[in-house]
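Novice: Listed here are the chains, written in short residue letters.
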Amino acid sequence: MTNYAYVSLIPLLPLACFVVLGLWGRKRFKTFSGIVGTGSLLASTILSFYTAYQYFFVDGKVNGVYQHIIAMKYTWLQFSPNVSIDMGIMLDPISVMMIVVVTFISLMVHVFSLGYMKGEERFATYYAFLSLFTFSMLGLVLSTNIFQIYMFWELVGVSSYLLIGYYFDKPSAVAASKKAFIVTRFADLGFLIGILILAFHAETLDISTLIERLTDHQSTQFVSITTGSLLGVSILTWGLTLVFIGGAGKSAMFPLHIWLPDAMEGPTPVSALIHAATMVVAGVYLVARLFPVYSIDGAALDIVTYVGAFSALLAAVIACTQTDIKRVLAYSTMSQIGYMMFSLGVSRYGGENGLGFMASMFHLFTHAFFKSLLFLGAGAVIHLVHSNDMKDMGGLRKFMPVTHISFLIACLAISGIPPFAGFFSKEEILTAAFDSNKLIYGVALFTSGLTAFYMFRLYFSIFWKKESHLHNAHGEGTSTMKIPLIILAVCAVIAGLLPFSNFITSDGAALETHINLVFSIAPVLLALGGILLAANLYKTENNKPEKVAAALGGFYKAAHSKFYVDEVYIFVTKKIVFNLIGRPAAWIDKNIVDGLMNLIASVTEKISELIKGLQSGKVQSYTLYFFAGIVGLAAVFIYLWK
Amino acid sequence: MTASQIIFYILSAFILGSGILAVTTRKIFRSAIWLLFSLIGIAGLYFWLQVEFIAAIQIVVYVGGIVVLIIFSIFLTQKSGSEMPKASATRKGFAVAAVLIGFALVWQLISHHSFKQTSTTTLDVDVANIGSQLLSTTDHGYILPFEVVSILLLAAMIGCIVIAMKKTEAV
Amino acid sequence: MGIDFFILMKSELLLAVIIFILLFIKVGSKEWKNEQMLNIVNVLLLVNFIAGFFGNKDGMLFNDMFKTNQLIVLEKCILNLGTFIISLQAYTWLKNHKHVLEFYMLLLASLMGMFYMISSGNLLMFYLGLELSTIPLAALANFDLEKRKSSEAAFKLIMSSAFSSGLLLFGISMMYGTTGTLNFTELSQHLDGSALQLFAFILLFTGFAFKISVVPFHLWTADVYEGSPVAITSFLSVISKGAFIFAFISVLYNVFKPLADTWYNMLFLLSVLTMVIGNLFAIRQNNLKRFLAFSSIAQVGFILVGISGSSQAGTASVIYFILIYIFSNLGAFGVIALVSALTVKEGIEDYKGFYKTNPLLTWVLTIALFSLAGIPPTAGFFGKFFLIMAGAAKGNYTLIIIAALNMIVSLYYYLRVVKAMFMDKNEQPIEKLVINNYSKLALFICVSGIVLTGFVSWVYDYIYSLSTGF
Amino acid sequence: MNDIPLTHILFVSTALFFIGMYGLFTRRNMITMLMSVELILNSVNINFVAFNKYLFPDKLEGVFFSIFVVTIAAAEAAVAIAIIINLYRSHNSIDVEDAGEMKY
Amino acid sequence: MNISLLVILPILTAVALLFCNGLKQVRTVSLIGATVQLALAFALLILYWNERAAGNTAQMLFESSYTWFAPLHINFHVGVDGISIAMIALTSFIVLAGVLMSWKEDRMPKEFFFLLILLSAGAYGFFISLDLFTMFFFLEVAVIPKFLLIGIWGSGKKEYSAMKLALMLMGGSALVFVGLLGLYFNTDIGGGVHSFDLLQISQMHIPVEVQKMFFPFAFAGFGIFGALFPFHTWVPDGHSSAPTAASMFLAGISMKLGGYGCLRVATYLMPDAAHAYSWIIVLLATIAIIYGAFATMMQTDLKYINAYSSVSHCGFVLLGIGMLTQTSITGAVMQMVSHGLMTALFFAAIGMIYSRTHTRMVAQLGGLLKMMPFISTVFVIAGLCSLGLPGFSGFVAEMTVFMGSWQNPDTMYRIATILACASIVVTAVYILRAVGQSVMGPVTDSHYLGLKDASWNEKFAAGLLIIGIVAIGIAPFWLNELITPATDTIMQHAVKLVTLK
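So the sequence lines, in the order shown, correspond to chains B, F, V, R and H. 0 is the number of the first residue of the first sequence in numbering that gives the first Met the number 0; add one for each residue after it. 0 is the number of the first residue of the second sequence in numbering that gives the first Met the number 0; add one for each residue after it. 0 is the number of the first residue of the third sequence in numbering that gives the first Met the number 0; add one for each residue after it. 0 is the number of the first residue of the fourth sequence in numbering that gives the first Met the number 0; add one for each residue after it. 0 is the number of the first residue of the fifth sequence in numbering that gives the first Met the number 0; add one for each residue after it.
Please keep in mind that the hints were generated in silico from the structure rather than gathered at the bench. Accuracy of the hints is not assured; some may be wrong.
Coverage of chain V stretches by chain R, computed from C-beta distances (three or more under 8 angstroms per stretch; other residues unrestricted) [stated by the list, open to error]:
| hint | region |
| --- | --- |
| 1 | 130 to 138 |
| 2 | 152 to 161 |
| 3 | 165 to 179 |
| 4 | 221 to 230 |
Cross-link-like lysine-lysine pairs, in silico, PhoX-like; alpha carbons within 25 angstroms at most [unchecked claim]:
| hint | chain 1 | residue 1 | chain 2 | residue 2 |
| --- | --- | --- | --- | --- |
| 5 | H | 103 | V | 424 |
| 6 | V | 355 | H | 103 |
| 7 | H | 369 | B | 29 |
| 8 | V | 97 | V | 148 |
| 9 | H | 156 | V | 424 |
| 10 | B | 561 | B | 546 |
| 11 | H | 23 | H | 109 |
| 12 | H | 369 | V | 439 |
| 13 | H | 156 | B | 605 |
Cβ coordinates follow ideal geometry from the N, Cα and C atoms, glycine included.
So here's chain B without its partners, still in its complex pose:
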């Protein structure tokens, strides 16, 4: 067995980088800090590739099943004799896959940013934050302990917050960062309570132990969590659902998705890293991590399925109407994550039943490449035109060939056109859905058509449509920006060809999958249809889109306005939370609670004013009171009190 202790370096290198850059970056390193960040991440990336090699090909497998390897584990905070937060590193197929994805995409983004963020005043800070994020994300995926996940969960949240708010003097960026944090925080509340519930019944926070106990039908823990119920729902379902809420928040599932489009206020490479490839799939990862437990609770999985499917559809519809290219990408991300979610939801544990799980992970893997590619491409575009809006673009294919081609590849990949990566993963998802739930299959199929449509709508609007007349065309940008695009494009092409099911499955054993060509006709045709429709509408400048929009009428408007979810939120927060809870609370505190204290004071003073007549200054009154006092005392102590 190899000693995997070196894996700890993978997250720790970015952490060190964060500390160094955070403390001294602004003064000591300045522009040099990009190199520092990239360099350290390169080391991490190499290490994680090495780890992957070691794990998958050398010694991860025992008896044909990939093992959970605890590389290291330290007790970090002991709550009670058997419940503790441990800091550790766990290697299993998904975590190894994730560290590869995270380090690799992050490296690409780091490289891309060298050009993209050049000349920024807070260049060092940017890289510090990126490193922080990478550290947190790596920590998250390597966690051995559910609470460790929660901690890194929060940390990725805050790095996302910091990066979205990177342009801190832009009020919209500040607002977006705030929104992102608060919405995910709200979801995390569910996660936290879910953890409390699971941990209380499982009497552990350790993931392996937890899974072991809650899947063993004989264990006392299992009995206690399944027999107890609240509002007719078993405690286990409650716990898992609450944990899923946490995941849904991070992964922008309906109705907690509202922060994701706004999060595009951050620098585009950041969006590529965090809001496309890595952080937003943390929810999927979370469910996958606890999948053995989820798989024994059908109710929780159903929730995952329907939420995922609905989000996929909803996001796809909205994406068709948006004009901000990053927002389109954001909704597309949401939609794709929806795919991953429902794919998990329709899956079961082990063997053939675990196809959905495998498919979900596969899609996560491929999606990371093409979606980050799309974002980086969009970044390059924005870098050139200094705008996010489609209306300001068009005909850019001549100015930026590399971007154009890579973007096209990514679009094809996401649309599920063979032989690009997306085709393979999506195919597996559809198969899994078809096998278990026809309704979901229908939705998925329809969504995949929509995906092709809006992606090519995007593609044509940027690179074709009208002929552009850029005067200040300064080209595509530095080579540091181009190289990542090329690398990612290559990945987007070949990633799907990996024999993924050999490595990552629900139970660790290899799974035989095969592409059923007949089955894949429908989705590919639908995708091609979508592409053709998009080409028809957007390849050249015309008024067809408006006509279509007018024909759709209210539906279009609703979709364009993102189905008013934001408005509902604003209503709830502003009107209900602020006006009906916050304001009264503040008012009560000021006037009633504090008023009570002040009242005591003023009553005392009033009484004092009231009885001042006692001290009239007249000596005869004094004597009279004196005598009254005596009579009173006599009355009390001679007659009354005996």
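Assemble the complex: chain B is given as a structure, and chains F, V, R and H must be docked to it using the hints.
Specialist: Same frame as chain B, now just chains F, V, R and H:
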């Protein structure tokens, strides 16, 4: 009813009557005179009780001293013959109530109390006896109180002088 | 008789000697300057204070009319100390007064009366001591001869105390009538708790209550304190009050022990009333002297709580508290006396911005007020804690809760003064004052007393070892 | 004297006591207030003497007490009058209602 | 080690201050004093570890006892366990930071530093006392200097706030006083002799009725110090009017006196009553947490924001104590330490901002990150700690409280826990609002552009506190190991007595 009883009741009536007049009459000088009568009545009561020495002191100190002092001070501070201002009705009402309640209370207590006589041997209350006891340091001697009172009188004297002395000599 | 007589009555005799020395100086032909006379007097008082500690002995004299023991001597020493401090503080005021010697003669006569009262073994001596302590004080209250308020105060004092001593006498006469004796020891054997006797006891009790300003017998206090010269106010509030409390404890604990049930409840009722009313009035005062008058009334409420404990700890705590109270109150009055003598300002308003001009005096006053409020690390904290603790030993927590709440109210008004001095702004603050050495010494004694009496536990231990209770 | 019960004498003294008290409560002239005080003290004296004579004739405590009370009454009256005179000098009035400058 | 040094040292410093003149001397002496305090606290910590490592399992270490008032059986009895040491270390951090933050206090510096140091003496004394009398003594010592600090050097409606604070806190100590007396007179160490000694009392069984009668006094009394709803109203006014260092002290130390007292006196000595009343405590704490958080959301003044958030955060302390599980109590202690450091840092940041911009209104600030990156970063760090970000102490403490609270399986307690958890969302809302408005966003006032970033002393102070926060956040096991044996003792004691009955 024996003569002694009659004398007692007459004396009592006299004391109380003139006492009431002393505190109610509006003319200050008359008030002082009524007080004088009341005090003399009390002296009479002491005679009746056969404590002649106290009766004598009563006449000497009160009638001869205090009342005279009061009358002098009235002359100093008051135009004679003018009527004194009346107390407010409320004050009077409260005073009457307080006094009546107080009296009722005390009288109730006294009349229900059985006083116990502890000894029947009577001691001579003649002047010589009192005088020798007053200055005796041994049994039943009152030399210590006597000295204390003398300090008190000294102090009172000093106090009076300082306070009442005219401030004309101020330089 | 013989040598014992001199030893046992040492305190009183010393005072008498001083009074006569002063009298001779007065009637002597030599013209003395005020400063010289004050120097002599202060030296004499110091000697008197120091002499109090030597050659003490327990014993009774004159058919038990006079008794003394270690505790009583200690009490007298405490009073001597207080008088000495007051004398030092009065220096600024007396320097320009025409009747310095008379002042001291009266003051010492009054003090002597208190000594007799504390040492009294029967009701006659007690009564005489009480009158001897009161009548000179009334005259002294009038010692700001030109001030109208002073005369008014004196009048109120003498009238109220005449009335109160009338009632007290009535009570004594009834006590005499029901028990047939004036001697304390015999008296306590003859107490049978009959209604008339109870009434007589109530009258006696109110006689004390009047002197130590227990509500509702307190009404004279504020007016007299406000009108009198500061030296007399402090004497009234500290020495007179202290002496009467000493006498009160010994009378209650030793003589009226059979009536303990009754007086415990009376103390309960009256202490609540006293604390509450005293505090309620204190919060609305603007004249510092008047303010301290009410605050001292409230303090008496706390003392009554301690007295109600009726244990050894109770006695000790009360005496200990009085000692601390002397330091604290005199610390406060010392500053007020200085300011009053030099600027004629006595209002709290006038003290605004006092810290800017007179930081040292402000700190003294602040520390004194904190001590009065019972805030650590000043001795007042210890005093009050032990006092209320003694009261709590009876298990009457209603009383303790009320006392605790009243401590908060009292804190409010003490802090009000502190606030005025430190925080409020004033266009014309009291100017920088020149402090003479006597006042400095007095304030120094007070402050060190306030700081040390609490920490140095043997003070309490000593008092405790002398105390008795039941 | 033994044909009069003690309570009758006490009645007189108590009545006198409250008469004096009434005077103290209501007279506005300071000197008359002082006079009322004298009545009060006298009533107490009667008590002392009467108790002494009736109940405890073996000692003279009551009688002596009354002697001292008389003395003190004199001293008190003297000081009071001095104060009143002083007050009269500054106020030009001996109405007690005028001596109420300090209050509340 | 003679731990009385912890009290003697500040007193000596204070006395030395009396002989100083001018700001320079005063602050140097104070700085030396505070640094030595810190060193002493660390020395104590190390010695404590050594002692424990050597196998000394006594409940209290470094005990020493001097007879003070022999007739009343009052001793100056001191000793420390893990909880006390944690609090002592906290105090020493904040004192040093406070002194550094007041480096340029040129208004009456001598008085200012004197009072500051006196306060610290009170706090140390309180934490090391094992005798209820001395404990009470030091509790009150730590009140009045605050009145002066706020009233003289404060801002806004300072007199009102100072008075309110003093009265309410003294009210609290008056209640404590009643509780202590009640305890005292129901103890018996043989021959009818009563005792104030904490350890002795803990060995006896106080009758349950007595506990039930006096527990509310002791708990509510200390609770007022610890911002127990509805007696928390001194917190916002007091904190907001106080000068920076005083705010730091107030929130960082004073409020901890309350929590410590609730735990050490009320809960430890009267466990039966604590069980009986725990639902009330939990109820009030939950209200404080939620309602404090919502009230914070509506505040517009930075100091009010932090003050109200303190109400909410201190609610966790009381919640932890009220839940009566070992974990929750450990969490409560951690929360005290964490909140102390965090809120002190917050106030330091606000103080730095205020001293430059002369406003604390959120609406008037903006874009400070541009001119003062250091201060703004400090502010953000404090905020993040406050909203419970992992890596900072707040997370550790809050999670421990939640974890412990959840162990209490009663449904109502569960609901309370969930509500308390929910406050982390509200906390995020108000913290991010404050941060977003004042530190980020466009610069609202052109004259802000010329403002300078933190000076060395401020950097040092903030750095010190941040080190504390991060150290706990990253390595909570140290703190946990320090505290757990002590909370274990408390819990075992409680369980023992409950089962005895």
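Novice: All hints are to be evaluated individually against the structure, with a verdict given for each.
Specialist: The hints, checked one at a time:
1. 130 to 138: holds (count 4)
2. 152 to 161: holds (count 7)
3. 165 to 179: With 9 residues closer than 8 angstroms to chain R, the region 165 to 179 of chain V meets the three-residue bar; holds.
4. 221 to 230: holds (count 4)
5. H:103 x V:424: Holds. Residue 103 of chain H to residue 424 of chain V sits at ~23 angstroms (cutoff 25 angstroms).
6. V:355 x H:103: The given pair, whose Cα atoms are some 20 angstroms apart, holds under the 25 angstroms limit.
7. H:369 x B:29: holds (16 angstroms)
8. V:97 x V:148: holds (19 angstroms)
9. H:156 x V:424: Distance ~14 angstroms between residue 156 of chain H and residue 424 of chain V Cα, so the pair holds.
10. B:561 x B:546: holds (20 angstroms)
11. H:23 x H:109: holds (10 angstroms)
12. H:369 x V:439: Measuring from Cα to Cα gives roughly 57 angstroms; hence the hint is violated.
13. H:156 x B:605: Judged against 25 angstroms, a Cα distance of about 23 angstroms means the pair holds.
The structure shown violates just one earlier hint, number 12.
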